[in-house]
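**Student:** Here the structure of chain A is known, so what remains is to put chains B, C and D in place on it, guided by the hints.
Okay, here's what each chain looks like letter by letter:
Protein chains: 4
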Amino acid sequence: MEDKIPRSKEDDYSNEMAKKRQVFMEEKSGVKIQHINQYSFDPAITKGNIEHFTGVAQVPIGIAGPLLINGEHAKGEFYVPLATSEGTLVASYNRGMKIIQASGGVTVTISDDAMQRAPVFIFNNARESRDFCIWINENFERIKKVAESTTRVGKLRDIEKYHSNKFVFLRFNFTTGDAAGQNMTTKATFVVSEWIMKKYDPGVKYSYILDGNIATDKKASRINMLHTRGKRVTAEIVIPDPVIREHLRQSPFRLMHGMNISSVGAFMTGSQSNANHTANGITALFIATGQDVANVAESSAAIMFTERTKEGDLYYSITIPSLIVATFGGGTGLATQKECLELLGCHGKGKVNKFAEIVAATAMAGEISLMSAIGAKEWASSHDAMGRNR
Amino acid sequence: MEDKIPRSKEDDYSNEMAKKRQVFMEEKSGVKIQHINQYSFDPAITKGNIEHFTGVAQVPIGIAGPLLINGEHAKGEFYVPLATSEGTLVASYNRGMKIIQASGGVTVTISDDAMQRAPVFIFNNARESRDFCIWINENFERIKKVAESTTRVGKLRDIEKYHSNKFVFLRFNFTTGDAAGQNMTTKATFVVSEWIMKKYDPGVKYSYILDGNIATDKKASRINMLHTRGKRVTAEIVIPDPVIREHLRQSPFRLMHGMNISSVGAFMTGSQSNANHTANGITALFIATGQDVANVAESSAAIMFTERTKEGDLYYSITIPSLIVATFGGGTGLATQKECLELLGCHGKGKVNKFAEIVAATAMAGEISLMSAIGAKEWASSHDAMGRNR
Amino acid sequence: MEDKIPRSKEDDYSNEMAKKRQVFMEEKSGVKIQHINQYSFDPAITKGNIEHFTGVAQVPIGIAGPLLINGEHAKGEFYVPLATSEGTLVASYNRGMKIIQASGGVTVTISDDAMQRAPVFIFNNARESRDFCIWINENFERIKKVAESTTRVGKLRDIEKYHSNKFVFLRFNFTTGDAAGQNMTTKATFVVSEWIMKKYDPGVKYSYILDGNIATDKKASRINMLHTRGKRVTAEIVIPDPVIREHLRQSPFRLMHGMNISSVGAFMTGSQSNANHTANGITALFIATGQDVANVAESSAAIMFTERTKEGDLYYSITIPSLIVATFGGGTGLATQKECLELLGCHGKGKVNKFAEIVAATAMAGEISLMSAIGAKEWASSHDAMGRNR
Amino acid sequence: MEDKIPRSKEDDYSNEMAKKRQVFMEEKSGVKIQHINQYSFDPAITKGNIEHFTGVAQVPIGIAGPLLINGEHAKGEFYVPLATSEGTLVASYNRGMKIIQASGGVTVTISDDAMQRAPVFIFNNARESRDFCIWINENFERIKKVAESTTRVGKLRDIEKYHSNKFVFLRFNFTTGDAAGQNMTTKATFVVSEWIMKKYDPGVKYSYILDGNIATDKKASRINMLHTRGKRVTAEIVIPDPVIREHLRQSPFRLMHGMNISSVGAFMTGSQSNANHTANGITALFIATGQDVANVAESSAAIMFTERTKEGDLYYSITIPSLIVATFGGGTGLATQKECLELLGCHGKGKVNKFAEIVAATAMAGEISLMSAIGAKEWASSHDAMGRNR
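Chains as they are written, first to last, in the working numbering: chain A, 46 to 435; chain B, 46 to 435; chain C, 46 to 435; chain D, 46 to 435.
One or more of the hints may lead you astray.
Which copy is meant is left open, so a pair is good if it fits within one copy or across any two.
Said to hold, decoys possible - Restricting the straight-line Cα-Cα distance to at most 25 Å, the calculated cross-link-like pairs of lysine to any residue (SDA-like) are:
| hint | residue 1 | residue 2 |
| --- | --- | --- |
| 1 | K206 | E183 |
| 2 | K77 | L113 |
| 3 | K49 | E291 |
| 4 | K92 | Q79 |
| 5 | K244 | R299 |
None of these hints come from the bench; they were simulated from the model.
Same shape as in the complex, but just chain A (with noise of 0.2 Å):
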């Protein structure tokens, strides 16, 4: 039996590569295929997106809502989609949009935006490092044409600057429309490296990295909790006392009090994450979306702050400060992705910032249903009886 993966030069996106490809892993394995080869497409639109096409994953999807978003971008009630295959998520998640609707809705703002490539420079010495520096700072208007000269749509913002050593580390922050914009980042920081190189007039003694760990894709870091990574996007909600009571049987001193206690725990352990479960709704809207999911790692980190009002009720807040979306390009356009995204009246171009909404104002749906779960003794019976606990 070969061992070589089937592929075809000429056109490898076809049923009938895959089905060679189902084949050769039903022959490997033993294991006959009969699901994951069921898909409702023609396997020539996943050209971009995958390599060796073979079939699916079937992913269940559930419906929550309605989830009442007073956005700038989403207003209105939405029916989110949500692609899981955890017992209970789409159930808490349709609770808490419950629990914000009660409470006239929540408000969500995006306050930053930015995606980046983050080269390291390496030089032989700290001075070389600084002195260069000095030059990115001169010479930051040539970079920019040079960077945006690559895309149609992204803009070189500003580019950070991080010495150490005798490494210069450069986040290059660019805005990217409506796609989530790794690509075209990586594209414009590497010709930009390029030409830095050839133009830089002391010279790069040594060599740069495309990737120096800075821009920290596909990881969690203080870096991105302060500098942004995508969208920067708040979620906001005053819960009144009364809907605290009868939805979440507790009062607004305990919630608040609980995520103060949590947030020491969050604290002391270096957590990305003063929050509950952002990574709960969000991975499940990614998935349904045709969003990049590994990008979970960073999206779902969160900075929480809860407060009793004067008047007696409770304001709850989440920052995402690293969430990564695109409504065009990427997943966006593959068959149910596009539909979930349309669902949503999310699909394509113009539609970022409205989709990014959403995703906040679902993940804060997630926060209040799973705080109160956390201060009472339903969360392990729910998911006993929804769930499979054995």
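**Tutor:** This is chains B, C and D only, laid out in the frame that chain A set:
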């Protein structure tokens, strides 16, 4: 038009109910659903995995391999199904696997295994907190018995105790067999906590909260990096100098040097990982195999170390300290998900360690592939060719 | 002129040798020494504390108090000598102590106590590393015996084991009586490590390093925050509403609110402390009493929590998780240092817990004082009046 | 007996008042004061540096050197006064300086310089917060003018803006000449903040707090590591292979290897530094020269990088990202403190960069010395010989 999502109290997991919700969504959005309604299984199987089942996200699967693994549980060649919509991902991992093959395989080792739930007990002051810690120590065997009475599989290994202010955070460490175990851990911890509330004579004066953000569920943290959440898995390889020069067009010295610089970036930024992009492969494999994908937040953390060997080859290793995986329970029994696990010979009981090793080995393939691309000039251009750069 | 600092092989700790070095420095610098040569003790007492003894830094001492402490070891009123050159520091701490007095005192509790040295053992791979951990577990009693054979005071409490890559970091936890214990811990760990190298049958293939940066000596870290280095001390107070309004001209709610916001800042920035400025008082007390002042790096970390009580008063607490102090050994026997310890009734054996409580209570005084100043408008102006603003 | 510390409203900085307080302390404690009352200066000079002046801590000073520095401000050989009570410290630094001498000196570079105060402005919600950031950007020149009106020396360089939840944390970056500048920065920021409260038309609805823990004064943090607090100073050296083998009895490869492993420890533990013990030398030099010693908390953070050069020698470097030093103001004018600065040729205006370079070079000496000891077997034994191990 109704605002309420259609739901059946008798049987919500039927094609009929799914259809009703599809129609509901169509009416709400004006979008004609043609794809998410295309699934190949009886919705009844999703009970326990989703609520408001409405259809599926079809996430493209590509195959990468053969991946040669020298594990203690996974031995030999594997073809890995990766579910993603990110162009070049499969190609990149496939290429890393070729280099692994040329290097004689990747060695994988599981060194620890624990799942946690971490309630916080609230006292009047620090002294009561301290005394409570002593009592917990003295009553470990009783606590263990109570905890284990709630589960056939889970075993309470030990309890970490963290005191701050007037709080005691208890981190209950369970082993959970082939399930990821978050739910069984939650339930056992809940029962134990209630038991403690009753049995602790001096009394827990205030209350307790079932999770105090110190197990950092779905959040990367230093505590999980230090103390393991899920499996602690290490993948190691020695890539011979000639392989590096042929496949990666670099020298071992330059690669090591580059990764060391990259570690400076990770350290300075407070990143959860000093590796390259473990999140990519782990996420794709998680989606394909029905894992709880939101765990990518913590499961993608990695500790990377590289060195040039005396022989001039490159030793490269990553420890993934909080890899949460299952081959039983959760989403592992769903149609395509089960199939993908079966293709890897990893479905069902007794397979979780094998699967964990495959995940870590896959992550390694991506590390190797990107390690090269970061330094060389091909990264941007490969995305150009295969992805959708604009 | 000689370049070599004068040194006597017979007796370097004499007035004569000190004088020779003073002259040497005068010749080198052209500066006439008039002050550092003014010391009130026989240089012979500095043996074991300094090399090349040349004179003294005279650091001004101010007294703050009375500080009312409800400790388990320190009980009653204390007058605290603070050595500093920072204007307003003593005044600020003194003011905090007044508020403590008006509130009935500060309660202090020691909840943990351990000093570490943490060697790293280097293996060929992860499996050897894992197996070594098991062996360490199995041989704990033998290791304990070897370790304790090197010291009359130190006791090996337990060994934390951290595996990553091909390394095993062992964190040896000792109790060390009234000494800070870094040196005895180092020595014991060295002897144990050598013993392990000989006794571990499979062999530590490569080598070991006596410190692998996992005890984080003189560095703040999350591991020390979680696992204690030195004493883990908590200071707590309930400041009655009327006291706050009179002395701090604020409301309990505003103070709590301010500290909660300040915690967001600490969390977002990856700070080692979410308190205000514990370093100030701890440093001043460390200098006065002959502590190893470099430990301020880790001893100043603090976990702050505040809440408004049901009665409307303010509960404020700090846990100092890695407070390294001694009342015996090190610099505690020097002339002024011993005197300051005696003024506190803390010199010599059996006093270290009392002293630790005084340090934490002092830190609390500064927290309370600055808490108010941060919010109010007086901070800048008090520095104006007392310090040297330009 | 009186409980109140004696104080004179007319002139509290006299020998008479110091004596009264000594007597007070003697009566309170029953201890006869013989040493802290031995100071060589007129207490009047301590005005602005201390309150309740009662005497001095006499901290032993040892001299280490010559330290050969290739700085841009510090050039040539220096003899460094180190005030400490930790046995072996001076000897260890002295030994490091010998190795530096044998290697041709340590190169030091200052690459950034800023002092901060960081108020937080509190709004009703995230949108108001975001809009405020825009206003700050638009009004920078006016803000700068207001800020600089309060100081002859300080210049407002820029303002970092961090939004989370309903807060805007502003980090005001000042250059402050030869003073450390914390007080002038506080004052300027206070005046600016008051001005903003008046001028911001939409209104800061709630309030502001003068420090929101985002300048992390006296706390190590990732933000200070990234964005500099005080001076950002890098010390670099290439130690030739023969020097390493003779003085450190190791090979460059082993030392590099050891430091890389040590970096893994620092990364995993969330440490503020991946270097060895920069705090030791920095603290001793801070005490000797009248620096604000509490700043050791942040000034001891370091980013270490090492590599073997093509020639087989060892490149070793540390970047100290938040070194806070002064040669004017604060404690630098006190008797012994001024003398020590003078011995280094660093007292008064125009000397702060020179002094910063000396501090970093001194820190390097300690790194080199301990680097060897950590690996070799001599560490424990040197403490045994010189310190007071029991």
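**Student:** Which of the stated hints cannot be reconciled with the structure, identified by number in ascending sequence?
**Tutor:** Going through the list in order, the structure violates no hint and respects every one.
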